[in-house]
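From first to last, the protein sequence lines stand for chains A and B. Everything in the first sequence is counted per numbering that gives the first Met the number 0, starting at 0 for the first residue and increasing by one. Everything in the second sequence is counted per numbering that gives the first Met the number 0, starting at 0 for the first residue and increasing by one.
A few of these clues could be false.
Here are the simulated DSS-like cross-link-like pairs (lysine-lysine), alpha carbons at most 25 Å apart as the crow flies [unchecked claim]: (1) B:K236 - B:K164; (2) A:K49 - A:K23; (3) A:K36 - B:K46; (4) B:K152 - B:K282; (5) B:K273 - B:K164; (6) A:K23 - B:K228; (7) A:K99 - A:K36; (8) B:K236 - A:K49; (9) A:K108 - B:K46; (10) B:K46 - A:K99; (11) B:K228 - A:K49; (12) B:K170 - B:K236; (13) A:K36 - B:K50; (14) B:K312 - A:K36; (15) B:K152 - B:K46; (16) B:K50 - A:K108.
Read the hints as simulated data drawn from the structure, not as lab findings. Note that the coordinates shown come from a computational prediction; the quantities given were computed from them, not determined experimentally.
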Amino acid sequence: MTTEEQLTMPIEVGQLIGRVEQYKQGGYRLVQIGCTKIGEVYEINYSFDKDFVFRNLRITVTGDTEVPSISGMYWGAFVYENEMHDLFGIQVRGMNIDFKGNFIRTSIKFPFGAAIPKGEQP
Amino acid sequence: MTKQIIIPFGPQHPVLPEPIHLDLVLEDEMVVEAIPSIGYIHRGFEKLVEKREFTEYVYVAERTCGICSFIHGLTYCQGIEEIMQVEVPERALFLRTIWSEYSRLHSHLLWLGLFADSFGFENLFMNAWRIRERILDVMEQTTGGRVIQGSCKIGGVRRDISGEKLGQMSKDLDSIGQELEELTNVFLRDASIKHRLKNVGVLSRDDAYSLGAVGPTARGSGVSLDMRKTGYAAYGKLNLETVAENDGDCYARCVVRCRELFTSIDLIQQAVRKIPDGPTDVKVTGTPDGEYFTRSEQPRGELVHYLKGNGTKFLVRSRIRTPTLTNIPPLVKMLQGCELADVPVIVLSIDPCISCTER
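Build the full structure now, drawing on both the sequences and the hints.
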């Protein structure tokens with residue numbers, strides 16, 4: 000095993016922009032944004048790296064929470080934010096490129112979000 | 000003000016083996032903006048984690064990509080092993096490293112062929128793929144599969160390679176190296192190739208870093224980002240010199256991949272010399288309870304598998320962040336200001352793997 004030290008910091012949605020700004024100022028690159036459905040809530044991980052130091056911010060939101068976009072600081076974040084919207088139905092406010100649900104085309108709307116009715120499952 | 004027109008590029012295009020679409024906003028022949036669009040073949044592999052036990056999911060993870068399938072399997076197994084605190088035998092780690100570097104060799108040769116074809120060098124394309132066949136033959140002989148190897152499992156590997164075979168592989172790599180010298184000399188020295196690639200699709204070092212470029216796309220712009228430096232598998236026991244170029248153009252990205260072919264040969268030969276005897280797997284009991292972001296270096300760059308288990312045999316989440324997905328914003332930047340005729344070459348220069356991206 001080559002265990003990497005991976006710190007995950009749970010934060011409130013309102014703290015997100017400020018915390019991400021700190022990583023940006025600190026010279027971290029954005030590694031990924033990923034969403035996980037846990038019961039009725041969604042965990043969203045924002046991962047950063049600088050010289051192989053891996054850091055993770057985590058917000059936990061409900062399906063109707065509007066999450067601010069970080070694409071103003073990390074321009075490339077639009078791929079993850081659009082993905083998060085198209086697969087999970089997370090509303091992201093202020094994306095630099097908003098595909099309005101057409102970044103990833105799926106036959107079932109938000110397949111990773113709400114429970115998929117029987118008969119429509121893959 | 001010059002009139003702007005929008006030209007659709009893809010999803011079907013002669014240089015694209017897989018579908019990606021770009022809306023190119025043009026002023027005369029110059030691209031002023033490129034808007035990417037993917038999602039034509041999204042397969043929802045990550046969703047399958049709810050229906051496949053964590054031991055079976057390695058087969059799904061491998062099928063994320065038909066080019067670097069082994070590295071997907073390795074990365075997934077590595078993540079589960081981290082969560083479950085499984086100590087993998089050293090011989091298995093070396094074998095994983097050897098197969099990873101064979102994957103890189105065949106992927107880079109595949110790309111060199113496609114790249115040559117994109118700028119009209121069909122004979123060079125055939126030569127690159129002829130050498131690639133020798134690499135695929137070894138993959139098949141040692142794992143049983145040319146495309147999907149299926150040799151990685153949680154706790155180690157399914158197959159061993161005999162000492163005699165390893166010696167033969169190392170010897171064969173000497174002659175493959177000579178053929179690669181001839182092949183890469185054309186890519187690196189031919190005046191018309193240089194003319195076609197130099198100063199085309201330039202990505203500055205700052206842009207590469209801030210836009211999240213990884214792999215040869217980042218290293219071609221002087222960002223020496225290589226996950227093998229973290230020492231996963233057996234990389235920590237091998238001497239690895241990261242290849243980087245500073246010009247940030249299509250030629251620089253091509254040079255990086257050409258030079259990395261020789262790095263891979265060197266790493267395999269080092270691994271063959273250093274591989275210890277011993278078992279190739281350990282018995283794994285229990286179920287994963289915890290989470291981990293596992294990272295590796297695919298031929299196209301940093302690969303991330305986020306795995307989260309809750310103590311049952313089904314994982315809660317498998318999230319795969321592929322290098323091509325994160326190389327899309329840098330691609331958009333490269334395309335701004337380029338000539339329409341250069342778009343196919345620039346798109347190919349990031350070595351896009353859409354099947355990975357559409358996992």
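A quick look at each hint next to the structure:
no.	hint	result
1	B:K236 - B:K164	holds (21 Å)
2	A:K49 - A:K23	holds (10 Å)
3	A:K36 - B:K46	holds (11 Å)
4	B:K152 - B:K282	holds (11 Å)
5	B:K273 - B:K164	holds (15 Å)
6	A:K23 - B:K228	holds (23 Å)
7	A:K99 - A:K36	holds (21 Å)
8	B:K236 - A:K49	holds (23 Å)
9	A:K108 - B:K46	holds (14 Å)
10	B:K46 - A:K99	holds (22 Å)
11	B:K228 - A:K49	holds (13 Å)
12	B:K170 - B:K236	holds (21 Å)
13	A:K36 - B:K50	holds (15 Å)
14	B:K312 - A:K36	holds (17 Å)
15	B:K152 - B:K46	holds (20 Å)
16	B:K50 - A:K108	holds (20 Å)
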